[in-house]
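Trainee: The chain contents come next:
2 protein chains.
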Amino acid sequence: MTGDKTARRPKAEPPKGFRDIFGADVAERRAMLDTIARVYELHGFEPLETSAVETVEALGKFLPDVDRPNEGVFAWQDDDKDWLALRYDLTAPLARVAAQFRNDLPQPYRRYAMGPVWRNEKPGPGRFRQFIQCDADTVGTPTVAADAEICAMLADALEAVGIPRGDYIVRVNNRKVLNGVMEVAGVLDPADPEKFATERGIVLRAIDKLDRLGEAGVRALLGEGRKDESGDFTKGAGLTDSQAEVVMGFVTANRIVEEMLSAALVENIEAGVPYSRFSRAMYSFDEETGRPLATDAEASFYRNSATLRHLASLVGDSKAGREGVGELETMASLLDAQGYGPDRIVIDPSVVRGLGYYTGPVFEAELTFTILDDKGRPRQFGSVAGGGRYDDLVKRFTGQSVPATGVSIGVDRLLAALRAKGRTAGATPGPVVVTVMDRDRMADYMAMAADLRRAGIRAEVYLGNPKNFGNQLKYADKRASPIAVIQGSSEAEKGTVILKDLILGAQIAASATLEEWKDRPAQVEVPRADLVAAVRRMLG
Amino acid sequence: MTGDKTARRPKAEPPKGFRDIFGADVAERRAMLDTIARVYELHGFEPLETSAVETVEALGKFLPDVDRPNEGVFAWQDDDKDWLALRYDLTAPLARVAAQFRNDLPQPYRRYAMGPVWRNEKPGPGRFRQFIQCDADTVGTPTVAADAEICAMLADALEAVGIPRGDYIVRVNNRKVLNGVMEVAGVLDPADPEKFATERGIVLRAIDKLDRLGEAGVRALLGEGRKDESGDFTKGAGLTDSQAEVVMGFVTANRIVEEMLSAALVENIEAGVPYSRFSRAMYSFDEETGRPLATDAEASFYRNSATLRHLASLVGDSKAGREGVGELETMASLLDAQGYGPDRIVIDPSVVRGLGYYTGPVFEAELTFTILDDKGRPRQFGSVAGGGRYDDLVKRFTGQSVPATGVSIGVDRLLAALRAKGRTAGATPGPVVVTVMDRDRMADYMAMAADLRRAGIRAEVYLGNPKNFGNQLKYADKRASPIAVIQGSSEAEKGTVILKDLILGAQIAASATLEEWKDRPAQVEVPRADLVAAVRRMLG
Chain A
23 MTGDKTARRP
33 KAEPPKGFRD
43 IFGADVAERR
53 AMLDTIARVY
63 ELHGFEPLET
73 SAVETVEALG
83 KFLPDVDRPN
93 EGVFAWQDDD
103 KDWLALRYDL
113 TAPLARVAAQ
123 FRNDLPQPYR
133 RYAMGPVWRN
143 EKPGPGRFRQ
153 FIQCDADTVG
163 TPTVAADAEI
173 CAMLADALEA
183 VGIPRGDYIV
193 RVNNRKVLNG
203 VMEVAGVLDP
213 ADPEKFATER
223 GIVLRAIDKL
233 DRLGEAGVRA
243 LLGEGRKDES
253 GDFTKGAGLT
263 DSQAEVVMGF
273 VTANRIVEEM
283 LSAALVENIE
293 AGVPYSRFSR
303 AMYSFDEETG
313 RPLATDAEAS
323 FYRNSATLRH
333 LASLVGDSKA
343 GREGVGELET
353 MASLLDAQGY
363 GPDRIVIDPS
373 VVRGLGYYTG
383 PVFEAELTFT
393 ILDDKGRPRQ
403 FGSVAGGGRY
413 DDLVKRFTGQ
423 SVPATGVSIG
433 VDRLLAALRA
443 KGRTAGATPG
453 PVVVTVMDRD
463 RMADYMAMAA
473 DLRRAGIRAE
483 VYLGNPKNFG
493 NQLKYADKRA
503 SPIAVIQGSS
513 EAEKGTVILK
523 DLILGAQIAA
533 SATLEEWKDR
543 PAQVEVPRAD
553 LVAAVRRMLG
Chain B
23 MTGDKTARRP
33 KAEPPKGFRD
43 IFGADVAERR
53 AMLDTIARVY
63 ELHGFEPLET
73 SAVETVEALG
83 KFLPDVDRPN
93 EGVFAWQDDD
103 KDWLALRYDL
113 TAPLARVAAQ
123 FRNDLPQPYR
133 RYAMGPVWRN
143 EKPGPGRFRQ
153 FIQCDADTVG
163 TPTVAADAEI
173 CAMLADALEA
183 VGIPRGDYIV
193 RVNNRKVLNG
203 VMEVAGVLDP
213 ADPEKFATER
223 GIVLRAIDKL
233 DRLGEAGVRA
243 LLGEGRKDES
253 GDFTKGAGLT
263 DSQAEVVMGF
273 VTANRIVEEM
283 LSAALVENIE
293 AGVPYSRFSR
303 AMYSFDEETG
313 RPLATDAEAS
323 FYRNSATLRH
333 LASLVGDSKA
343 GREGVGELET
353 MASLLDAQGY
363 GPDRIVIDPS
373 VVRGLGYYTG
383 PVFEAELTFT
393 ILDDKGRPRQ
403 FGSVAGGGRY
413 DDLVKRFTGQ
423 SVPATGVSIG
433 VDRLLAALRA
443 KGRTAGATPG
453 PVVVTVMDRD
463 RMADYMAMAA
473 DLRRAGIRAE
483 VYLGNPKNFG
493 NQLKYADKRA
503 SPIAVIQGSS
513 EAEKGTVILK
523 DLILGAQIAA
533 SATLEEWKDR
543 PAQVEVPRAD
553 LVAAVRRMLG
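These protein sequence lines map, in sequence, to chains A and B. If you count the first sequence from 1, position 423 lands on 445 in our numbering, and the numbers rise without skipping. If you count the second sequence from 1, position 376 lands on 398 in our numbering, and the numbers rise without skipping.
These are computed hints drawn from the structure, not numbers from a lab. A couple of the hints might just be wrong.
Copies of the same chain look alike in the list, so a pair counts if it fits in one copy or across any two.
[Stated by the list, open to error] Straight-line Cα separation of at most 27 angstroms, DSSO-like style, residue types lysine-lysine; simulated pairs:
| no. | residue 1 | residue 2 |
| --- | --- | --- |
| 1 | LYS231 | LYS144 |
| 2 | LYS341 | LYS443 |
| 3 | LYS496 | LYS144 |
| 4 | LYS341 | LYS500 |
| 5 | LYS38 | LYS417 |
| 6 | LYS217 | LYS33 |
Here the structure is a predicted model, which means the values were calculated and not measured.
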């Protein structure tokens, strides 16, 4: 090949940020999606498949005000001058469908959707521009029973795909509680929602950084501002100390609840509170550490009650705040009645996840086990799903307010978690490979494979150049084939076939001496008529 | 709402040529794809999921030589100036993958792929710009055993999704046979393949129109040309009579074979050919019509042999032609050895399907039953799958020739056929709907639904406004719900629930008198504790 010609050849690569998924990985992901779909359907959700392409007008967020729209979506101008774009999530198409078919769909409409979405973002390691979303939403009902249902369904879905109880937690919060806190802190005026918007923006971003900055860092951002290690200064929200204290009561709610629980424990003991299902464990202590022996379920029951009490005190008389606390209380009791205790679904004020977008309950599923990161350090696996209530779904289209709530499961993250824990089904075995010893007898070899398939056994004939038998066995190895079927001319004369157990063979080759290997115990010769039965025996 | 505001609202519509798929239709298509995937896997094919987006460079056909490429694909310029496009089929991405991973993939590589592809074409009724393809290809082997395998797998897939034997036929032809005919007719010179290209183009297009123009029409186009009913003249290939006769021998091969079979029948009878498995039926005649009583299988066996004989005579000494006939013969015998007789897979010279693109065997699956068209007229359903051998798959990328063969099943057409014949699984039943009589007892209703789901029964609580009970029953009806669960305050006191059999109820409402309906036999009251068992009984 001349360099000239080479230069004109296209690169055999997908675009940056796109990838291919092969064999077992496809099967694994498909199995997970099927399992989640079954859980969604059991709850009465119906599948919906919208097209990958929408008009930019319907997607709504992005306008062709420049040469081409370029705000995180892949967009182009259609021949009739309309701007089209690849969907960036499954919620925007749902909004369009809910508006378009509002007279035909059941009300409320429970739907689930699974499929690729596209983001025109800078790709990075592990960050792809096409990925699968797996959503369930209930459109057209304001009741938090719908939110509770979705949280329960999320817990069911996680267990169905192989995350055992105890290895995940669904945390629930409510956007209105934070609004109430903002009101009490004096940075939200229900009569003039636009007022203090800048301050609230800074407060929200500060709260979102609790994990990274710690309480002191967040506190600084609520006040004058914060200088980071590099010396850069971030301007704060300018709250007074008493204002900031209210917000910090929300930010540190989990720690405060822990302290309340310890204090209540001491009080209960001192007051001699009678034995009950939930307080039983509070009287049992580890002799060495002095810590209570409450089970997780028992401890989290207390935590739910204590959290609600604390949040109620934070929101004071704020109407929104009280509504939010009330909704959390209702959800907890609805979930409890169905058997979803706070060991699975717990109220947690630290859940913030884009609170600006949501209007009521928000929730997040987190895997609580640790995995080893790239550098071998243990870390919490973290969030695999999230969602919440977002009203006004179709208002853009119809002018009518339509309340909705939904969840999105991060399928690729969930798969990564299961793989990290070794909980996936593992590689499926490859096909039985019928080798070709004599290319004139291809019909016989194909008939063998057909016989095996008719018995439900995956089988294929080697279709490469059969001249080098070693290549055929290498091929079988690459295919993770459990058995090679061999029939040379002498076997054909005798009416037999040789079955080579490749799995046992590999074990022997790895462990045995050459002497042992020579006996070839992983190989049997059987009559051709017994091929199917003998293969089935060998597969076990 | 003012007209002003309405004018600024986006249209709730997908782009032209795109559509949404709901509920049962999604489930039905998914079940079909799963079934086909199982057949593909049984034959040793591995799934591959490439991304929807490729570089225009890798797709190959389309170049950004104008402002934007616009030849049937959706394309746009990426931020780094590369042109990207939505894949228009699953073969171009396979070529890219086969080149990119040529050192890692097993050789040969059997892969299947299922997913949407996009065509930037003028949409029309039933013509969509996004549709599902369902392909299987074997890359890296020149043997027609691979083509035979794919034809057999196609037959298996059709039967697996519910097309019984006898209702479909896989027709096989070979591009080389036509090349041989072209050589004999003097419009193809193997030493100078470019010569007569224009004539061959006209001949190919003429052959492709046999169905529409009939033999006389095709014959005219092979010669001087043809004037259609409107008086428009289409210039012909300008072949002499003897040249045209050779091509017509190919065009009319099926009719000629029929005549050969009749003649052979008479000869055999006159010669007293001894009884055999295949000629047996040729001696049995219907007493009234005088026609032979050969079964379809027997008749098509003769047809295969007769067709091969006729094609061999047409291609004479042409090397390509003889190779093509030989390949057809090999495929027929490989298929016969596996039990795929010509009643399922038959040699048929009338299969043309874009012969220009293919290099060897071509095949097409046709459904042979009749359905009623839009105007109530019976017509053959026609083609639902096709494919063939296309060598030089990855040559563009690597410079190396890589032979490949594959098939694509038209999933939407196949689904339409099954629906037309009433052979789909039919609508899945909707969920049991737990109605809400008392909104303060939502927790109880949700617990009922949870109990049913734990027993594997699809169930949901009505989450709309519960004030109007009639609306709840209308909702259940829209959801195709089999049972409504009802618990008002008096039932709650007694600890019972009422189960309303909505399917039976609908039947009674449709057929019975008002008197009978008043007895409400389709409704039972059971203890709350028996809810699950009673629902299960009622579901049957």
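Trainee: Are the CA atoms of LYS341 and LYS500 at most 27 angstroms apart within a copy, between copies, both, or neither?
Mentor: neither (66 angstroms within a copy, 37 angstroms between copies)
Trainee: Between the shortest in-copy and the shortest cross-copy C-alpha distance, which are at most 27 angstroms for LYS217 and LYS33: within, between, both, or neither?
Mentor: Intra 55 angstroms, inter 33 angstroms, cutoff 27 angstroms: neither.
Trainee: Check LYS496 against LYS144 for me: Cα-Cα at most 27 angstroms, and say if that holds within a copy, between copies, both or neither.
Mentor: neither (40 angstroms within a copy, 49 angstroms between copies)
Trainee: 27 angstroms Cα cut-off: does LYS341 pair with LYS443 within a copy, between copies, both or neither?
Mentor: neither (45 angstroms within a copy, 60 angstroms between copies)
Trainee: Taking 27 angstroms as the upper bound on the Cα-Cα distance, should LYS231 and LYS144 be classified as within, between, both, or neither?
Mentor: Intra 23 angstroms, inter 50 angstroms, cutoff 27 angstroms: intra-copy only.
Trainee: When no copy is specified for LYS38 and LYS417, does a C-alpha distance of 27 angstroms or less occur within a copy, between copies, both, or neither?
Mentor: between (36 angstroms within a copy, 23 angstroms between copies)
The structure fails to meet hints 2, 3, 4, 6 from the earlier list, while all remaining hints are met.
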